[in-house]
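Could you put the whole structure together from the sequences, leaning on the hints where they help?
Each residue of the sequence shown is one higher than the one before, counting from 1 in the UniProt record's numbering.
Just the calculated beta-carbon pair ranges, DEER-fashion: (1) V98 / T21: 22 to 30 Å; (2) T119 / G66: 30 to 38 Å; (3) P80 / A25: 36 to 44 Å; (4) A37 / L74: 31 to 39 Å; (5) F116 / D29: 18 to 26 Å; (6) V40 / S76: 44 to 52 Å.
Hints in this document: simulated from the structure, not taken from any laboratory. The structure presented is a predicted model; accordingly, all values stated were derived computationally and were not measured. Each residue gets a CB set at the ideal place from its N, CA and C atoms; glycine is no exception.
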Amino acid sequence: MYLPPEWPPEVRPPSVPDWETSAVAWLLDAVPPDYRAYDVLRRHPIALARMAHHHVRSAIEAARAGYRGAALELKSHLPPHAVEAVLDVYRQEGPRLVRLARSIEVVERALRGDGFTATLRQRP
Numbered sequence: 001m002y003l004p005p006e007w008p009p010e011v012r013p014p015s016v017p018d019w020e021t022s023a024v025a026w027l028l029d030a031v032p033p034d035y036r037a038y039d040v041l042r043r044h045p046i047a048l049a050r051m052a053h054h055h056v057r058s059a060i061e062a063a064r065a066g067y068r069g070a071a072l073e074l075k076s077h078l079p080p081h082a083v084e085a086v087l088d089v090y091r092q093e094g095p096r097l098v099r100l101a102r103s104i105e106v107v108e109r110a111l112r113g114d115g116f117t118a119t120l121r122q123r124p
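Have a look at this one:
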C-alpha cells in the first residue's frame, strides 16, 4: 500500500487492522492536552482530525504573526542576540507546524476512507 511522504511514522498504515488507534494517539499529541478529556474525540477520529487541523492552522498563523512582530516587540526588552534566538525559534517552528498540518491532512483523508496513489512528478 502506498503512503504519501507526509504520512507520520507514528501512525500505522490504513491497511493494518485497528490503525485508527495509532491515528487517534498521534492526533491527540498534536492538540492541547485538554482535548484528551473529551471521549467524543476518541470515538470519532474524523472530528479529532478536523479539530487538530484547525488548531495547527491557527498555530501556523500565530507563529507567522509572532515572527513578523518579534523584533519590534522584543527589542526594548531583550538583548539583540536573544531577539535573534527568538526569531530562530520561529524559523524552526513555522516549517515544523506546516509539516504537521500536511500530515494531519493525509491522516484525515485516510480516516475518511480515501486511498492514496503514487504520482510521477515532472521536472520543471
